[in-house]
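Trainee: So the sequences go chain by chain: G and V.
Start counting the first sequence at 370; every next residue gets the next number (this note's numbering).
Start counting the second sequence at 370; every next residue gets the next number (this note's numbering).
Calculated from the structure, these hints are not laboratory results.
Be a bit skeptical, because a hint or two may be false.
[As the list claims (entries may be wrong)] Taking lysine-lysine pairs in the DSBU-like style, the calculated list, with each CA pair at most 30 angstroms apart, reads:
no.: 1; chain 1: V; residue 1: 474; chain 2: G; residue 2: 452
no.: 2; chain 1: G; residue 1: 474; chain 2: V; residue 2: 447
no.: 3; chain 1: V; residue 1: 452; chain 2: G; residue 2: 474
no.: 4; chain 1: V; residue 1: 447; chain 2: G; residue 2: 438
no.: 5; chain 1: G; residue 1: 474; chain 2: G; residue 2: 452
no.: 6; chain 1: V; residue 1: 506; chain 2: G; residue 2: 447
no.: 7; chain 1: G; residue 1: 447; chain 2: V; residue 2: 474
no.: 8; chain 1: V; residue 1: 452; chain 2: V; residue 2: 438
no.: 9; chain 1: G; residue 1: 452; chain 2: V; residue 2: 506
no.: 10; chain 1: V; residue 1: 438; chain 2: V; residue 2: 425
no.: 11; chain 1: V; residue 1: 438; chain 2: V; residue 2: 506
no.: 12; chain 1: V; residue 1: 427; chain 2: G; residue 2: 425
no.: 13; chain 1: G; residue 1: 452; chain 2: V; residue 2: 425
no.: 14; chain 1: V; residue 1: 582; chain 2: G; residue 2: 474
no.: 15; chain 1: G; residue 1: 438; chain 2: V; residue 2: 474
no.: 16; chain 1: G; residue 1: 447; chain 2: V; residue 2: 452
no.: 17; chain 1: V; residue 1: 438; chain 2: G; residue 2: 474
no.: 18; chain 1: V; residue 1: 425; chain 2: G; residue 2: 447
no.: 19; chain 1: V; residue 1: 447; chain 2: G; residue 2: 427
no.: 20; chain 1: G; residue 1: 425; chain 2: V; residue 2: 438
no.: 21; chain 1: G; residue 1: 425; chain 2: V; residue 2: 474
no.: 22; chain 1: V; residue 1: 452; chain 2: G; residue 2: 452
no.: 23; chain 1: G; residue 1: 447; chain 2: V; residue 2: 582
no.: 24; chain 1: G; residue 1: 447; chain 2: G; residue 2: 474
no.: 25; chain 1: V; residue 1: 452; chain 2: G; residue 2: 506
no.: 26; chain 1: G; residue 1: 427; chain 2: V; residue 2: 427
Number of protein chains: 2
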Amino acid sequence: MGKYDALAALLLEAIKEGGDLKQDDNSIPVGISNRHIHLSQTDLNTLFGAGYQLAKTKDLSQPLQYACKETLTIAGPKGAIEKVRILGPARSETQVEILQADCFKLGKTAPVRLSGDLQGTPGITLIGPQGSILLAKGLMIAQRHIHMTTDQANHLGVADGELVSIQIDGLRGGTYSNVIIRANNTSALECHIDTEEANAMSLASTSRITIIKKI
Amino acid sequence: MGKYDALAALLLEAIKEGGDLKQDDNSIPVGISNRHIHLSQTDLNTLFGAGYQLAKTKDLSQPLQYACKETLTIAGPKGAIEKVRILGPARSETQVEILQADCFKLGKTAPVRLSGDLQGTPGITLIGPQGSILLAKGLMIAQRHIHMTTDQANHLGVADGELVSIQIDGLRGGTYSNVIIRANNTSALECHIDTEEANAMSLASTSRITIIKKI
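Given these sequences and hints, build the entire structure.
Mentor: In structure tokens, the structure reads:
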């Protein structure tokens, strides 16, 4: 099997693992993110040593994404948070996704941003075993979003970049608005929220949500 | 001023401080609760010594309720949480209100309950400076609720015990459903949510919400 066949097979498998649309109710599985860090290879070298390679401990539901053995301490003017998980693989730019509660602990304000949209975000200090970095930007609270394939987007009547609301059932249910659709053919179907968003609505990793179109 | 006059004056003042309905949009101020403990005098005696009196550090927005200098450690099978604030005055039964995130730290499951509804709730260990208690019940996650006077309930077209939804505006906005109305004439107008519910919707202590009637 060539490199591209292997990649395609891996993608398909990961997409399948990520859970599919329930045909009867169009419900979507939930992925819950705690605070985490994506590192550039340059920053990885500074923090862990030249040429360092991350050690995968667990595949994530999105194709080719994985949790690593490695963690870092992040530090702000008011406090530090230890053991913040690094997710692989290395990216073009370092990005630190935290919770609103972490802002209070760190003494930092972080904007709600879509992953990759780092322009104008504040920095933070990263402390690793071989070095530290004072990031100039990259600190954010992740905007809730739903990964899906373009086929799934068509089926659901939504488009890449569209803002929708999601409905959560139960005693602690409700709706979250401004959930952005991220549709492309390397995505597994999953609605990504952070631990505070999950806890506030009693959502667990086995929960499902449904899309409500914006009126 | 007699005892009842003083009480009435205090209530009026506290109700006023609690914030009023905005006449133009019927919006309601938000009160954000972190984990906290209400103690019976019997449990207070065990934890702090016979006849112990709580030391008030701050009045809360609800009349006669206050935050205390004293804190306790709460402990479950998986871990402990230190410095959990006690709120006064003493109540008829001890009640421990925690966050969903605390359930994971403690290794305990807590139901979502209305304050005072302790039947069938699990217990938890409380550790104080003079003694410890293994509570048989009283652990809960507080159900979101809105305190108001009966006049305010009439104005808003809601009744004591009614379940409504609340609308939160902004990029991280949405709605929370099953918010219970608690209307009586010793309440200050305020919508009570916990820190995870606040953080998930970017609510601060200066935020306001509006009621959406259940359809």
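Trainee: Now tell me if each hint is right for this structure.
Mentor: Here is what the structure says about each hint:
no., hint, result
1, 474(V) to 452(G), "holds (15 angstroms)"
2, 474(G) to 447(V), "holds (23 angstroms)"
3, 452(V) to 474(G), "holds (15 angstroms)"
4, 447(V) to 438(G), "holds (22 angstroms)"
5, 474(G) to 452(G), "holds (14 angstroms)"
6, 506(V) to 447(G), "violated (36 angstroms)"
7, 447(G) to 474(V), "holds (23 angstroms)"
8, 452(V) to 438(V), "holds (10 angstroms)"
9, 452(G) to 506(V), "violated (34 angstroms)"
10, 438(V) to 425(V), "holds (6 angstroms)"
11, 438(V) to 506(V), "holds (24 angstroms)"
12, 427(V) to 425(G), "violated (49 angstroms)"
13, 452(G) to 425(V), "violated (37 angstroms)"
14, 582(V) to 474(G), "violated (36 angstroms)"
15, 438(G) to 474(V), "holds (21 angstroms)"
16, 447(G) to 452(V), "holds (18 angstroms)"
17, 438(V) to 474(G), "holds (21 angstroms)"
18, 425(V) to 447(G), "holds (27 angstroms)"
19, 447(V) to 427(G), "holds (23 angstroms)"
20, 425(G) to 438(V), "violated (46 angstroms)"
21, 425(G) to 474(V), "holds (25 angstroms)"
22, 452(V) to 452(G), "holds (22 angstroms)"
23, 447(G) to 582(V), "violated (41 angstroms)"
24, 447(G) to 474(G), "holds (6 angstroms)"
25, 452(V) to 506(G), "violated (34 angstroms)"
26, 427(G) to 427(V), "violated (47 angstroms)"
When held up to the earlier numbered hints, the structure conflicts with 6, 9, 12, 13, 14, 20, 23, 25, 26 and fits the remainder.
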